[in-house]
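Student: Next come the chains, spelled out residue by residue.
Protein chains: 2
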Amino acid sequence: MISEKMKEYVKSSSAIRAMFEEGKRLAKIYGPENVYDFSLGNPSVEAPAEVKEAIIDILNNEDLNMVHGYMNNSGYDDVRTIIANSINNKFGTKFTEKNIIMTVGAAGGLNVIFKSLLNPEDEVIVFAPYFGEYRMYVANYDSKLVIVSPNTVDFQPNLAEFEEKITKKTKAVIVNSPNNPTGVVYSEETIIKLADILKKKQKEFGTEIYLISDEPYRELVYDNIEVPYLTKYYDNTIIGYSYSKSLSLPGERIGYLVIPDEATDSDLIISAANVATRILGFVNAPSLFQRVIAKCLDAEVDVSIYEKNRNLLYNSLVEYGYECVKPEGAFYLFVKSPIEDDIEFCNLAKKHNILIVPGTSFACPGYVRIAYCVSYDRIEKALPEFKKLIDEIRNN
Amino acid sequence: MISEKMKEYVKSSSAIRAMFEEGKRLAKIYGPENVYDFSLGNPSVEAPAEVKEAIIDILNNEDLNMVHGYMNNSGYDDVRTIIANSINNKFGTKFTEKNIIMTVGAAGGLNVIFKSLLNPEDEVIVFAPYFGEYRMYVANYDSKLVIVSPNTVDFQPNLAEFEEKITKKTKAVIVNSPNNPTGVVYSEETIIKLADILKKKQKEFGTEIYLISDEPYRELVYDNIEVPYLTKYYDNTIIGYSYSKSLSLPGERIGYLVIPDEATDSDLIISAANVATRILGFVNAPSLFQRVIAKCLDAEVDVSIYEKNRNLLYNSLVEYGYECVKPEGAFYLFVKSPIEDDIEFCNLAKKHNILIVPGTSFACPGYVRIAYCVSYDRIEKALPEFKKLIDEIRNN
Numbered sequence: 001m002i003s004e005k006m007k008e009y010v011k012s013s014s015a016i017r018a019m020f021e022e023g024k025r026l027a028k029i030y031g032p033e034n035v036y037d038f039s040l041g042n043p044s045v046e047a048p049a050e051v052k053e054a055i056i057d058i059l060n061n062e063d064l065n066m067v068h069g070y071m072n073n074s075g076y077d078d079v080r081t082i083i084a085n086s087i088n089n090k091f092g093t094k095f096t097e098k099n100i101i102m103t104v105g106a107a108g109g110l111n112v113i114f115k116s117l118l119n120p121e122d123e124v125i126v127f128a129p130y131f132g133e134y135r136m137y138v139a140n141y142d143s144k145l146v147i148v149s150p151n152t153v154d155f156q157p158n159l160a161e162f163e164e165k166i167t168k169k170t171k172a173v174i175v176n177s178p179n180n181p182t183g184v185v186y187s188e189e190t191i192i193k194l195a196d197i198l199k200k201k202q203k204e205f206g207t208e209i210y211l212i213s214d215e216p217y218r219e220l221v222y223d224n225i226e227v228p229y230l231t232k233y234y235d236n237t238i239i240g241y242s243y244s245k246s247l248s249l250p251g252e253r254i255g256y257l258v259i260p261d262e263a264t265d266s267d268l269i270i271s272a273a274n275v276a277t278r279i280l281g282f283v284n285a286p287s288l289f290q291r292v293i294a295k296c297l298d299a300e301v302d303v304s305i306y307e308k309n310r311n312l313l314y315n316s317l318v319e320y321g322y323e324c325v326k327p328e329g330a331f332y333l334f335v336k337s338p339i340e341d342d343i344e345f346c347n348l349a350k351k352h353n354i355l356i357v358p359g360t361s362f363a364c365p366g367y368v369r370i371a372y373c374v375s376y377d378r379i380e381k382a383l384p385e386f387k388k389l390i391d392e393i394r395n396n
Numbered sequence: 001m002i003s004e005k006m007k008e009y010v011k012s013s014s015a016i017r018a019m020f021e022e023g024k025r026l027a028k029i030y031g032p033e034n035v036y037d038f039s040l041g042n043p044s045v046e047a048p049a050e051v052k053e054a055i056i057d058i059l060n061n062e063d064l065n066m067v068h069g070y071m072n073n074s075g076y077d078d079v080r081t082i083i084a085n086s087i088n089n090k091f092g093t094k095f096t097e098k099n100i101i102m103t104v105g106a107a108g109g110l111n112v113i114f115k116s117l118l119n120p121e122d123e124v125i126v127f128a129p130y131f132g133e134y135r136m137y138v139a140n141y142d143s144k145l146v147i148v149s150p151n152t153v154d155f156q157p158n159l160a161e162f163e164e165k166i167t168k169k170t171k172a173v174i175v176n177s178p179n180n181p182t183g184v185v186y187s188e189e190t191i192i193k194l195a196d197i198l199k200k201k202q203k204e205f206g207t208e209i210y211l212i213s214d215e216p217y218r219e220l221v222y223d224n225i226e227v228p229y230l231t232k233y234y235d236n237t238i239i240g241y242s243y244s245k246s247l248s249l250p251g252e253r254i255g256y257l258v259i260p261d262e263a264t265d266s267d268l269i270i271s272a273a274n275v276a277t278r279i280l281g282f283v284n285a286p287s288l289f290q291r292v293i294a295k296c297l298d299a300e301v302d303v304s305i306y307e308k309n310r311n312l313l314y315n316s317l318v319e320y321g322y323e324c325v326k327p328e329g330a331f332y333l334f335v336k337s338p339i340e341d342d343i344e345f346c347n348l349a350k351k352h353n354i355l356i357v358p359g360t361s362f363a364c365p366g367y368v369r370i371a372y373c374v375s376y377d378r379i380e381k382a383l384p385e386f387k388k389l390i391d392e393i394r395n396n
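Heads up: the sequence lines are chains A and B, in that order.
Under full-length UniProt numbering, the first residue of the first sequence is numbered 1, with each subsequent residue one higher.
Under full-length UniProt numbering, the first residue of the second sequence is numbered 1, with each subsequent residue one higher.
Each hint should be verified, as a subset may be incorrect.
Derived lysine-lysine pairs resembling DSS-like cross-links, with alpha carbons at most 27 Å apart [unchecked claim]: (1) A:Lys169 - B:Lys7; (2) A:Lys52 - B:Lys52; (3) B:Lys201 - A:Lys7; (4) B:Lys7 - B:Lys94; (5) B:Lys28 - A:Lys144; (6) A:Lys165 - A:Lys201; (7) A:Lys52 - A:Lys28; (8) B:Lys350 - B:Lys326; (9) B:Lys98 - A:Lys28; (10) B:Lys199 - A:Lys98; (11) B:Lys7 - A:Lys199; (12) B:Lys11 - A:Lys7; (13) B:Lys169 - B:Lys144; (14) A:Lys144 - B:Lys350; (15) A:Lys11 - B:Lys169; (16) A:Lys336 - A:Lys351; (17) A:Lys350 - A:Lys388; (18) A:Lys98 - B:Lys7; (19) B:Lys7 - A:Lys168; (20) A:Lys98 - B:Lys11; (21) B:Lys98 - A:Lys24; (22) B:Lys144 - B:Lys94; (23) B:Lys350 - B:Lys24; (24) B:Lys199 - B:Lys94; (25) A:Lys7 - B:Lys199; (26) B:Lys326 - B:Lys28.
Simulated from the structure, these hints should not be mistaken for laboratory data.
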């Protein structure tokens with residue numbers, strides 16, 4: 001009796017659940033300490049102490065009817081002002097509270113902006129490898145996902161193919177940098193070229209193409225690399241931000257959209273996003289955590305913990321003979337499968353109690369994603385198994 | 001550049017915003033203490049002290065990576081078990097954690113279940129007067145809302161018309177008791193008759209019709225009245241619950257769905273609801289507040305405060321000559337407009353600095369909704385204005 005659309009989703013989600021169940025099965029047989037689960041992007045570094053302090057401070061000093069109550073669908077005015085000012089200080093932008101809409105995480109924000117913009121038959125371009133949920137988010141509004149194939153040299157987007165795939169029907173382009181699953185940060189050079197292509201194509205077709213920047217990993221970067229702020233390169237940019245990773249609050253579902261004045265029909269899009277927040281059933285971003293993040297804008301998780309993980313895992317895997325682009329952000333390694341079939345490789349890894357995700361899930365077969373948001377100790381213990389795994393394959 | 005669907009929503013939402021702006025304008029001219037805003041269903045009674053205690057207890061004693069982290073899309077297992085047991089204790093049901101899916105409030109839950117069940121062209125029946133958002137929730141999945149006209153005698157649902165309006169395409173029926181906007185509680189007699197009609201029609205058409213019970217006001221009842229638990233009367237019942245009103249936490253967006261084993265295709269619907277939670281962008285209900293409510297199941301807001309408000313407002317308005325069914329729950333009075341045109345009456349009320357909502361917004365013209373979730377003092381101060389308002393109309 002479930003809806004037609006949901007039938008196939010339920011089927012494919014059973015596959016994911018099967019993997020999850022397999023992990024539980026292995027943990028039962030071998031003990032959880034002997035199973036190396038690198039399959040989930042769940043932050044391992046604890047939320048900074050400021051979060052707890054902010055919660056207690058708010059509960060003790062603010063009006064509780066206001067703290068837990070309804071507010072505008074776009075969020076508390078004062079919180080949005082504080083966020084706008086903070087972005088302006090960091091990136092030299094000129095946003096006000098009007099440009100900020102608080103959302104139920106980045107996933108909620110993406111659904112709000114897609115509901116606001118997309119008509120059935122509109123096209124949305126993504127660059128493989130990409131976060132698989134985009135497929136469903138776009139399908140929620142009956143639009144068509146157009147996939148640009150991966151550039152496996154350095155995992156910067158394939159811009160030549162991108163330009164070819166833009167049509168009159170292209171309504172939006174999703175970018176995600178630092179990237180899930182590759183950990184790659186799109187360079188300023190890439191962003192300038194990408195923006196130039198979009199400007200040219202908008203002119204050619206007389207259309208508006210919105211660049212949707214999904215940025216949950218913005219703060220998780222290493223080696224002092226800078227992540228360009230996209231509204232400065234292209235007017236029709238909309239940012240989807242989340243505190244899930246930057247403050248290790250993924251379960252709290254708190255983030256925001258930035259809809260700049262420079263975007264075409266900005267006021268109308270802001271109004272639409274407000275209504276979409278309401279009618280999709282979000283109503284508003286969780287209220288206490290709106291107030292919490294306003295007090296924690298200068299707080300950050302200890303990124304050096306992830307960096308240490310990255311260095312150990314990357315250096316060791318390369319030493320063993322794995323091939324991988326060194327990630328500059330997020331907490332993923334995207335490793336070339338030593339055999340052609342990445343799903344088969346994940347199955348071989350499972351025999352070593354290693355759980356990783358096939359690149360096929362990200363529209364990039366032949367690779368696997370290793371999430372290193374686990375304890376350093378888990379990585380140390382897993383390394384001999386990674387070595388045995390590649391040695392076995394080589395000796396076959 | 002916004003989507004076609006959103007264009008009309010943005011237009012009608014500007015009307016609501018205009019009313020809101022009008023309130024702000026009046027407050028500026030006359031001072032906020034002289035404006036009587038009865039337009040919003042935002043709880044005025046503070047969250048019980050147990051909520052704050054639970055938050056601090058959790059932050060001090062539970063693993064923060066778990067408290068703020070991802071979990072299954074359906075929510076923490078232990079929280080769902082505690083909720084299932086609590087429902088079983090109260091209503092003699094036999095739910096387990098499997099039957100409970102934590103949601104981003106009742107609005108999130110309704111969207112999850114509609115995404116799970118509805119195909120385009122399916123019909124969903126509502127009883128006027130009804131909460132206007134249902135219109136949009138159903139339209140999100142391109143299904144058709146079928147409205148049963150109001151029974152203005154006692155605002156129990158019009159069951160004769162209901163029976164006539166059920167067709168082969170009827171996939172779901174929404175009930176909301178205690179009701180927004182009338183405050184009426186559907187009697188057990190009503191529920192038994194409604195269930196009998198549904199059973200008969202399922203048999204006649206060979207279809208499954210799901211009864212969706214939207215229950216944010218379940219705990220806000222007066223005069224010791226009982227609100228029947230609908231899964232006990234009809235197998236294909238799905239409950240959407242929220243803590244927004246019962247614990248005064250509307251901004252926190254926390255609630256749950258109950259999908260009983262007795263519902264046809266229960267397992268499949270549960271799987272679909274899990275996936276829908278994910279792909280609609282909710283991902284999971286806010287994590288800290290899942291843990292909070294598990295510790296606050298026996299806590300309740302002080303309902304006597306609303307009851308005192310109801311008694312004062314109801315008794316006074318009736319004394320002045322207004323006509324109204326005495327509400328047994330929620331925090332609304334649904335009053336007959338002394339003139340035929342309810343929108344015009346709301347405009348006349350505004351001249352007395354009274355803000356109320358026309359029944360037309362709930363598909364029930366000729367009535368107005370007065371939300372008495374305000375302080376007792378506000379009601380006392382507004383009463384002379386309500387009296388002047390009806391006297392003026394009578395003397396015209």
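Student: The structure should be examined with respect to each hint, and the outcome stated for every one.
Tutor: These are the hints, each one checked on the structure:
no.: 1; hint: A:Lys169 - B:Lys7; verdict: 19 Å, holds
no.: 2; hint: A:Lys52 - B:Lys52; verdict: 13 Å, holds
no.: 3; hint: B:Lys201 - A:Lys7; verdict: 26 Å, holds
no.: 4; hint: B:Lys7 - B:Lys94; verdict: 45 Å, violated
no.: 5; hint: B:Lys28 - A:Lys144; verdict: 48 Å, violated
no.: 6; hint: A:Lys165 - A:Lys201; verdict: 11 Å, holds
no.: 7; hint: A:Lys52 - A:Lys28; verdict: 34 Å, violated
no.: 8; hint: B:Lys350 - B:Lys326; verdict: 24 Å, holds
no.: 9; hint: B:Lys98 - A:Lys28; verdict: 21 Å, holds
no.: 10; hint: B:Lys199 - A:Lys98; verdict: 51 Å, violated
no.: 11; hint: B:Lys7 - A:Lys199; verdict: 26 Å, holds
no.: 12; hint: B:Lys11 - A:Lys7; verdict: 35 Å, violated
no.: 13; hint: B:Lys169 - B:Lys144; verdict: 10 Å, holds
no.: 14; hint: A:Lys144 - B:Lys350; verdict: 48 Å, violated
no.: 15; hint: A:Lys11 - B:Lys169; verdict: 25 Å, holds
no.: 16; hint: A:Lys336 - A:Lys351; verdict: 19 Å, holds
no.: 17; hint: A:Lys350 - A:Lys388; verdict: 12 Å, holds
no.: 18; hint: A:Lys98 - B:Lys7; verdict: 20 Å, holds
no.: 19; hint: B:Lys7 - A:Lys168; verdict: 21 Å, holds
no.: 20; hint: A:Lys98 - B:Lys11; verdict: 19 Å, holds
no.: 21; hint: B:Lys98 - A:Lys24; verdict: 18 Å, holds
no.: 22; hint: B:Lys144 - B:Lys94; verdict: 33 Å, violated
no.: 23; hint: B:Lys350 - B:Lys24; verdict: 12 Å, holds
no.: 24; hint: B:Lys199 - B:Lys94; verdict: 22 Å, holds
no.: 25; hint: A:Lys7 - B:Lys199; verdict: 26 Å, holds
no.: 26; hint: B:Lys326 - B:Lys28; verdict: 34 Å, violated
When the structure is compared with the earlier hints, violations turn up for hints 4, 5, 7, 10, 12, 14, 22 and 26 and for no others.
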